[in-house]
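Colleague: Listed below, chain by chain, are the residues.
Protein chains: 2
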Amino acid sequence: IVCLSMEGGAAASTPAALPYYVAFSQLLGLTLVAMTGAWLGLYRGGIAWESDLQFNAHPLCMVIGLVFLQGDALLVYRVFRNEAKRTTKVLHGLLHVFALVIALVGLVAVFDYHRKKGYTDLYSLHSWCGILVFVLYLVQWLAGFSFFLFPGAPFSLRSRYRPQHIFFGATIFLLSVGTALLGLKEALLFNLGDKYSAFEPEGVLANVLGLLLACFGGAVLYILTRADWKRPSQAEEQALSMDFKTLTEGDSPGSQ
Amino acid sequence: IVCLSMEGGAAASTPAALPYYVAFSQLLGLTLVAMTGAWLGLYRGGIAWESDLQFNAHPLCMVIGLVFLQGDALLVYRVFRNEAKRTTKVLHGLLHVFALVIALVGLVAVFDYHRKKGYTDLYSLHSWCGILVFVLYLVQWLAGFSFFLFPGAPFSLRSRYRPQHIFFGATIFLLSVGTALLGLKEALLFNLGDKYSAFEPEGVLANVLGLLLACFGGAVLYILTRADWKRPSQAEEQALSMDFKTLTEGDSPGSQ
Numbered sequence: 001i002v003c004l005s006m007e008g009g010a011a012a013s014t015p016a017a018l019p020y021y022v023a024f025s026q027l028l029g030l031t032l033v034a035m036t037g038a039w040l041g042l043y044r045g046g047i048a049w050e051s052d053l054q055f056n057a058h059p060l061c062m063v064i065g066l067v068f069l070q071g072d073a074l075l076v077y078r079v080f081r082n083e084a085k086r087t088t089k090v091l092h093g094l095l096h097v098f099a100l101v102i103a104l105v106g107l108v109a110v111f112d113y114h115r116k117k118g119y120t121d122l123y124s125l126h127s128w129c130g131i132l133v134f135v136l137y138l139v140q141w142l143a144g145f146s147f148f149l150f151p152g153a154p155f156s157l158r159s160r161y162r163p164q165h166i167f168f169g170a171t172i173f174l175l176s177v178g179t180a181l182l183g184l185k186e187a188l189l190f191n192l193g194d195k196y197s198a199f200e201p202e203g204v205l206a207n208v209l210g211l212l213l214a215c216f217g218g219a220v221l222y223i224l225t226r227a228d229w230k231r232p233s234q235a236e237e238q239a240l241s242m243d244f245k246t247l248t249e250g251d252s253p254g255s256q
Numbered sequence: 001i002v003c004l005s006m007e008g009g010a011a012a013s014t015p016a017a018l019p020y021y022v023a024f025s026q027l028l029g030l031t032l033v034a035m036t037g038a039w040l041g042l043y044r045g046g047i048a049w050e051s052d053l054q055f056n057a058h059p060l061c062m063v064i065g066l067v068f069l070q071g072d073a074l075l076v077y078r079v080f081r082n083e084a085k086r087t088t089k090v091l092h093g094l095l096h097v098f099a100l101v102i103a104l105v106g107l108v109a110v111f112d113y114h115r116k117k118g119y120t121d122l123y124s125l126h127s128w129c130g131i132l133v134f135v136l137y138l139v140q141w142l143a144g145f146s147f148f149l150f151p152g153a154p155f156s157l158r159s160r161y162r163p164q165h166i167f168f169g170a171t172i173f174l175l176s177v178g179t180a181l182l183g184l185k186e187a188l189l190f191n192l193g194d195k196y197s198a199f200e201p202e203g204v205l206a207n208v209l210g211l212l213l214a215c216f217g218g219a220v221l222y223i224l225t226r227a228d229w230k231r232p233s234q235a236e237e238q239a240l241s242m243d244f245k246t247l248t249e250g251d252s253p254g255s256q
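Chains A and B, in that order, are what the protein sequence lines are. Reading the first sequence from the start, the letters are residues 1 to 256 in the UniProt record's numbering. Reading the second sequence from the start, the letters are residues 1 to 256 in the UniProt record's numbering.
Keep in mind that a hint or two might mislead.
[What the hints assert, rightly or not] A short, non-exhaustive set of chain B residues, derived as facing chain A with CB atoms under 7 angstroms:
{"hint": "1", "residue": "Thr120"}
{"hint": "2", "residue": "Leu122"}
{"hint": "3", "residue": "Leu182"}
{"hint": "4", "residue": "Cys215"}
{"hint": "5", "residue": "Gly218"}
[Said to hold, decoys possible] Simulated restraints on C-beta separations:
{"hint": "6", "chain 1": "A", "residue 1": "Ile131", "chain 2": "B", "residue 2": "Asn191", "range": "15 to 25 angstroms"}
{"hint": "7", "chain 1": "B", "residue 1": "Arg44", "chain 2": "A", "residue 2": "Pro163", "range": "36 to 46 angstroms"}
{"hint": "8", "chain 1": "B", "residue 1": "Pro19", "chain 2": "A", "residue 2": "Ile131", "range": "51 to 61 angstroms"}
{"hint": "9", "chain 1": "A", "residue 1": "Ile131", "chain 2": "B", "residue 2": "Phe111", "range": "34 to 44 angstroms"}
Rather than coming from a laboratory, the hints here were simulated on the basis of the structure. Where is the CB? At the ideal position from N, CA and C, for every residue including glycine.
Here chain A stands alone, though its shape is the one from the complex (with noise of 0.2 angstroms):
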């Protein structure tokens, strides 16, 4: 029951089905990439920064930042249930810095749009949720880094902080994942109009852009929440490692 976890050690053993799933949400994942840029490049004419095309960038970007690379970046710890947790913990921040970059860009795409268009900004639901997600996203980054990556935060805190940290990262993923769909459903009923009534090819595609989008968010909180696929608990890791290097240096081994 009791699996001895040590930093670089690989003790413990992945569970026989977790790389299957792991395997289908990548699958998803990269599909909801490729379909939203075929979604804007098949009708929406594609990409480009410096036109009205720029518009596009929003869309993608978001996908692939705070949906793709968001999601990627909370299976970390399951995926790489082997490796040393501080290198896991890097890969986890790293992840979650392209994701936040690739988002900005995104959130640059479409004020700069609507800027150059005379569009008012900031009315609709779609961009009053992205707004939260995007200062939730980063007070949750800057909150995990001060906690767990920046030396020093006692061990009591951590422990404490953890619970938080991992439900509100869940909750901001799913909350993406709404407000992408909410995006998607914006942009279907400006450009398509009465055609969307019509099962015109845009509006199907898209569509299924919106499942896959949720399947995807759903394929993510399957993997979090298996209770079986966790890491072994704190508690066993703090009592059985043995790494006084990280301990003298303010950093407890056991820590996330």
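On the provided structure of chain A, position chain B as indicated by the hints.
Modeller: Just chain B, lined up with the frame of chain A:
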């Protein structure tokens, strides 16, 4: 650490903060229902079955049934943690029946309205997600009833199905919230058009309603997933429960 838990007994104590979080979630849920009513009453002409106002029964029924009641059904095991498990189980099933019936009325309302108006059915992402939610909800209810309420399912089968039931229950609830957001967005873009970007009161009210929907979903998820707020674990109950009456009836005492 181990709590004695017997049918009808009240050995486990309630965590100090839980009632406040539950109260907050209920406040959010009731505000959500009231605000949906206010939106439909103030800006959409109210509700009547035999007229064009039949459509308005759809959002109200869905918010009451598939958001508020479904969410509360998930919370039953946290709120009534000291009640007999069978009582809690029946209440959980009943709340889901109410939610299902109210959602069915909401579903009939929109299909009937579409038929009278000659509108196309099931072309939008909202409707695809809605049908998916409804089918999954029905299957989940039937599976839950067969495994947990109908006597005779072996204990091992119940134990294996329980985590799946909980995961899919939470996922269907979140998908319901997402579908409601898509529907709200659709209604706003259809009804307000250009006025949406002029920050008309209806648009702002509906945006706040959307944020409330997301917050209610988040609050239910938080209460549901907090590890220290769960009922005492299955294994402990199984080992400690002494209710031979239900055992001989083929119903495992620790079953949920």
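Colleague: Now look at each hint and say whether the structure bears it out.
Modeller: Now for the hints, and whether the structure bears them out:
| no. | hint | result |
| --- | --- | --- |
| 1 | Thr120 | holds (4 angstroms) |
| 2 | Leu122 | violated (9 angstroms) |
| 3 | Leu182 | holds (5 angstroms) |
| 4 | Cys215 | violated (10 angstroms) |
| 5 | Gly218 | holds (5 angstroms) |
| 6 | Ile131(A) - Asn191(B): 15 to 25 angstroms | holds (24 angstroms) |
| 7 | Arg44(B) - Pro163(A): 36 to 46 angstroms | holds (41 angstroms) |
| 8 | Pro19(B) - Ile131(A): 51 to 61 angstroms | violated (32 angstroms) |
| 9 | Ile131(A) - Phe111(B): 34 to 44 angstroms | holds (36 angstroms) |
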